[in-house]
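If you read the protein sequences in the order shown, they are chains A and B. Residue numbering for the first sequence follows UniProt numbering, beginning at 1 and increasing consecutively. Residue numbering for the second sequence follows UniProt numbering, beginning at 1 and increasing consecutively.
Don't read these hints as lab results, they were simulated from the structure. Please note that a few of the clues may not be correct.
Said to hold, decoys possible - Part of the chain A face toward chain B, derived, beta carbon under 10 angstroms:
(1) T162
(2) E211
(3) A271
To be verified - Simulated pairs of lysine to aspartate or glutamate, DMTMM-like, Cα-Cα distance not exceeding 20 angstroms:
(4) B:K203 with A:D51
(5) A:K230 with A:E243
(6) A:K148 with A:D202
(7) B:K49 with A:D202
On a predicted model such as this, the values are computed, not experimentally measured, just so you know. We put the beta carbon where it would ideally sit given N, CA and C, even for glycine.
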Amino acid sequence: MAIYLTKESKVLVQGMTGGEGMKHTRRMLAAGTDVVGGVNPRKAGRAVDFDERTVPVFGSVREGREATGADVTVVFVPPAFAKAAVVEAADAGIALTVVITEGIPVHDAVAFHAYAAAKGTRIIGPNCPGLISPGQSNAGIIPADITKPGRIGLVSKSGTLTYQLMYELRDIGFSTCVGIGGDPVVGTSHIDCLAAFEADPDTELIVLIGEIGGDAEERAAAYVRDHVTKPVVGYIAGFTAPEGRTMGHAGAIVSGSSGTARAKKEALEGAGVQVGGTPTATARLVLARLEAERDVTHS
Amino acid sequence: MDLYEHQARELFADHGILVPRAEVTDSSQEARVIARRLGGRVVVKAQVKTGGRGKAGGVKLAADPAAAELTARQILGMDIKGHTVGKVMLAEPVDIEAEFYVSYVLDRAAGRFLAIASAEGGMEIEEVAATRPEAVARVPVDPAEGVTSAKAAEIAEAAGLPPATVDVLVRLWEVLLREDAVLVEVNPLVRTAQGQILALDGKVTLDDNARFRQTRWGAEAAEHGDQLEAAAAAKGLNYVKLDGEVGIIGNGAGLVMSTLDVVAGCGARPANFLDIGGGASAQIMADGLSVILSDPAVKSVFVNVFGGITACDAVADGIVQALDTVRLTKPLVVRLDGNNAARGRAILDGRRHPLVQQVTTMDGAARRAAQLADAG
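Chain B extracted, bound-state conformation (with noise of 0.2 angstroms):
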């Protein structure tokens, strides 16, 4: 889970990193109140969870009072990159004498984590990156010693950073770990005129297989910008809606993949990603159909099962209690191949429901529903 940069800033506040001051609010008549609080003179930042909100203009110094709620005005509700801005941060300005990139990141390949930190911070860093890879350090750490005061000094001297910001290297490695992120970054990480090293704007992934140890976002962890993810988290199915017609059920996360991949090949678009996991029940099978069923946009359905751990006549179990509760209005295509196959068909050919059909291999049973939807 990708943590608003208010919240990120909260984080690197408890572990002792320096930020500015600063507060967050969705009305523009409070972040006048927040601005004179603050001195006056603000910058105005929209929180959304993506990069670029500067050239966006999602990001403005206002003068006074005023101005501030005139520019939170403006900020609130704009669109950037497809995320509406729902609150903005309105932080004391800085009188910046240098700035500076500094992250870690999982390295996959070499499984573990990464230093990246360069003396040229700012909104430029992946040009930097990209035209003078050398001005960028990547440093890795072991995993068993971690970000010690000797570790950060070399991150530090390794990207031409300041002495004074080793202190901050090591807080934010316990940011990283004690808060189960994946990522943290500071950009920019800012040397001030006084002197003060201080975290200007921040990024935090957190872990979501960390969840049942951190607790503190519950509440934000859930929250879904779709309401038919919300409804399928709160039944714990894996969903993600799409924006085709055919939805998708089936079982096991690189099968769901390949299913859409394929009904994608046949020219359809898929609706979602449904995977019901191993050993499904009927009640997840219920749930997943219900889910699909309810989206408009579904005009044929294809469930897409190769059991392994799954048995297929407990799939087709599933799907036949489920034509039981749940209304189907829309073609249901079904392949099942795999463990109890043949039982499982046997059990849906016994149904007899008019819009339930099956085919035997996953490429034709991905041409019918795309047949179906196009159709439909």
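Just chain A, same shape as in the assembly (with noise of 0.2 angstroms):
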């Protein structure tokens, strides 16, 4: 099984006829996502042939959705529509949207934030790479050819240490891996994904990575200590950020006292989490930690 995305999952592209959303609908289809349309008011009607099939374009999510059945979108239009592009997927009863787009103001994002809870629609992002169930079906950009399916569930502020993680435990392989997005504000939490992989009966292990900003990290330090009998590894990004200045990610700021990489690692160890000091030291972690979870099995 997997998290919220699997092999049965019909996904639509919003935005799939410009240059990102082209190259990404390629990869997305060649790891084998059921990609069953994309979307594009101004171009409803054609269709567009990539090398594994031919994906007719809808003038609306409505449309694609009862043309198809598809229960996902993944978002890949430009900041200023990205919005009402959320909106039409929560109207047309899209159960998941993956929201690509970086740059997407804070105003837009409280918004269809509200908007979708409303509506039912789960929302993963935005700034985010997305997620795949490797073997089953990727919706967004996360490289599908890294690993492999497998036992980790992982959840990550940062695309690129997802990526890092992903390689490194490439052996082992995973459940899902989802990139939630570096924002202020983002769709689905760290905790919505640890509550999913504890439910999920294919995930031995989880894996969670975070960054400096907000107090995401120690909400989820508190929901594993009560909630969560899975093994959780944890590492976090932004030890050596100062204070006051932005980190690449929008949400990724140290202001005053709050959202610092210590107060983020302490909480996750206090709450037994076992903290990795690099990528690789991470790594080590699942490795030994799944190894002596066999040791108890087999004893």
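Join these two chains into a complex; the hints should help.
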């Protein structure tokens, strides 16, 4: 199994006919994703030929969903149009909307966050690489060929650190890797993913990657302590980040005494999460932990 | 982007929030003229983007125009928590009867804005919040409804603010929404002896992501304290200057932050944060290298790329092209992993530059870059 995304998922791509949309739709298809359509009101009725298949373009998400039974959309539209795209997906009854777009104004994110929640649509992102259930489906821009299906669940604020850990642990493989995004307001949190991985019978161990800014990791730590029985291994980026400076991600900023990497690491360790000093050391902790679990099972 | 007090005040006034009469200047002589215009007696306030100005001596009352000039001369050029005072604002004094605190802040956990208000405003608000949290009201705002008069009345009542503040609460929400701010704060909001509600000081943080539809602060938005940061920003690079000796370039904010940490863990200090982003071109690589190499503090450079979307052979091509356009004077340690790593490594091996060396792991490369910086 996997969380949020499986081989049954039928995926629409909003902004498929744009440059990024084309490139990543091709990659998604190659990874086995069931991409059932693109959305572009100006190109409705056309179709795009990819190597694997020909994908129809619909005039709206609703049209695409009615024609194909799509339950997932991936949003590649520019920041100025992202809010309308998410609202459209929610109105069409899409269950999961993955917002790749970077640079969306916070007020737009707040607005579509509330709108989607009211309509029962889950949002992943914005400003995220999406999610992949290796061997089943890939919704977004995560490279599919650096790992394989397996028993680890991964949730991360950072795209590249997601890839790094996927690669370091490629011999074990992953149930699902979710890049939740580095913006201050994101639709799906570490906690949402922890809960889903805890409930997923195919996930044995969870890797949680965080970074400076906000208190999402501290809240995740409390959740692990109270609700997660599976082993969790963590990594936090940004120990050397100075106060008051945004480090790349819109949400990655230490303000005053809050949001520091140290506070996050301490909160996680206080909840029984082993936290690695580097991505490689974190991967080693995962291997050791899986080894230990196996010994327990076999004894 | 944080605004200066005088800019925040401008926004407040535009949205109908009352503010004391005031003017801004960078000259003490002009301060005298302004003071005369405002009636003689003025408050001289340092314009810096940091809190605690008052306690640092950056806010002073001047009894007459001559005193205003003297005070302005003292405050201009002052250093407040690392910020040099370039401008002062002179404001007419106000007869304060009561001080309040109001703000709208982003509640990241809830994904919406929160009104924070207290009937006890002023310089001690942080202490009030810490010691008597019940004196500070925190009221979530439904994004679909915003702050209507009814909502503002609810906030005012929760905080014990007088009904006369309701209108200000509505207008302050308008500032937040219309100007794409992520924080608006008025501290203190005061009631004068004449019964007016006045924003005496304000803080506004604008959303950098909304610049495409908010053009008002164009020039100020590009303001950079550091020369290298300005050069990097001009080339569209995501760069932050730090005070160490190992220059760092990587792809992706998370990986670059992690690289800084790993280098620091090897006992060296990172000289900067530079994220070339996804799909880096040769030009971006060359621009990034030239910015970092022009920092005299840099002793070695660590290029750390995990190819996801980015292909390592493209990055290697970029480095090779950069070597032709930028004169490399400091050792460069390169770690390429992920997408097309083997091809990327072969390209760099083929170039055989004496100052470029490859290390295959992130931890090993960080150690090497730290050693080279130490030796350099």
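Okay, the hints, checked on the actual structure:
1. T162: holds (8 angstroms)
2. E211: holds (6 angstroms)
3. A271: violated (17 angstroms)
4. B:K203 with A:D51: violated (54 angstroms)
5. A:K230 with A:E243: violated (34 angstroms)
6. A:K148 with A:D202: holds (14 angstroms)
7. B:K49 with A:D202: violated (51 angstroms)
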